[in-house]
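Undergrad: Given next are the chains, with one letter for each unit.
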Amino acid sequence: MRVLIAEDDPVSRRQSQKLEAIGQLAPGVAHEINTPMQFIGDNVAFLGEVWTSLKPAIARFMAMPQLLRSGAAPALLADEIGAMITDADLEYLINEFPRAVEQSLEGVRRVSKIVRAMKDFSRPASDQKVPVDINAAIETTVTVARNEWRYVADVVTDFDPNLPAVVCLAGEFNQVILCLLVNAAHAIKDVIGDGSQAKGQITITTRRQENMAEIRISDTGSGIPEAMRDRVFDPFFTTREAGRGTGQGPAIAYSVVAQQHNGKIRFETELGKGTTFIVQFPLEETALDHELYEKGLIR
Amino acid sequence: MKRRILFVDDEQSLLDSYRRSLRDQFEVDFALSGQQGLDTMRANGPYAAVVSDFRMPGMDGISFLSRAREISPGTLRVILTGVSGIPNAVQAVKDGDVYCFLAKPCPSHLLSELLTLVLCLDCPFPVQP
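From first to last, the protein sequence lines stand for chains A and B.
If you're matching positions, the first sequence starts at 1 in my numbering and goes up one per residue.
If you're matching positions, the second sequence starts at 1 in my numbering and goes up one per residue.
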């Protein structure tokens, strides 16, 4: 039997948890944007310089027909062309120019992706349960939190493409994924320490298990010691030192999954191998039912 | 003769952009991690300056620079990072003994001017970016 805080105001608590999550992600998101901005800016400046260095070569090129018509010796023409190639550093530019363009475009795509994900992630809180494409929602959360995991782990996703929409509180669903993802990253960070060892791996899979949508989030951390296993979902229980995350991830996930969605959450853990959190959301209230409900055809 | 500078960052695109922007002013080498940076310093050093990211997978920028100091005490250490904040800067100065703490995005012409300036070793003044 779990004890809840008396006079708990779930709406304002959820809102503040969400704001807290966004606040904690903000510096990481800024970093994820600043890095591409750095090289996009430099590359565009480089392309500008290239143009400046090409201009004289282009002027000489445009004078070529005149040279040819005046009957210049082939050797002279060859020298002129050779000088143009050297002066404008064409051998270098032929590779660097397209790479600078390509990498800049890739940087722009990366910035757009994270801005879009941030927007999806921070949609205004709603009390309405809506059908959510949970594969897309997980992808969004993984993107927004990239800076939280990329230094310690790779994230591998294995989504069931035929998974029906899950009717849930969209913001809270993201919160669950974020909590468990950050929790997994911290578990791996504890193992790899200052990073002299190789990165770990976080695996996120989605599957349909009969009338449940199941999400598994696995880490390659050290596993949960036996003495702590009973308390993983307890609020206010944490193994984290101050300033190293709240350690409240599993407790928050529990309250969202079990209390707000009638879902299930449990974990499998093995010392030295890692931990898998298994979250199940009910599918009975399918997207179709939800649509009918919205239209007042069923209640 | 061009001064030799080593850049350490886990972003290939970023290293490529430095290479393009600074090749006229400096002779630049690159490493994708702190460990690779240390190996490069041992194999190809000495460098006039080493410019490192703050957060990288594996060894972070501070650990890298403090080890870099052991390998080559005379090499100027600079942090160029998207992670800002005074505590990070203080830690960098304290543990990495860094000369400059620069925030991304820092346009390459500023970076180039700054490096040129601080590499005038006779210049007795600390330089603000």
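Bear in mind the hints are in silico, worked out from the structure with no lab data behind them.
Honestly, I wouldn't trust all of these hints.
Now the in silico label distances, taken between C-beta atoms and shown as ranges [stated by the list, open to error]:
1. A:62 with B:36: 27 to 33 angstroms
2. A:93 with B:120: 30 to 36 angstroms
3. B:110 with A:47: 48 to 54 angstroms
4. A:69 with B:110: 37 to 43 angstroms
5. A:19 with B:2: 46 to 52 angstroms
6. A:19 with B:87: 47 to 53 angstroms
7. B:2 with A:102: 57 to 63 angstroms
8. A:60 with B:87: 28 to 34 angstroms
9. A:75 with B:116: 40 to 46 angstroms
10. B:36 with A:130: 34 to 40 angstroms
Glycine included, every Cβ here is placed at the ideal spot set by N, Cα and C.
Undergrad: What hints, given by number in increasing order, does this structure fail?
TA: 1, 3, 4, 6, 7, 8 and 10
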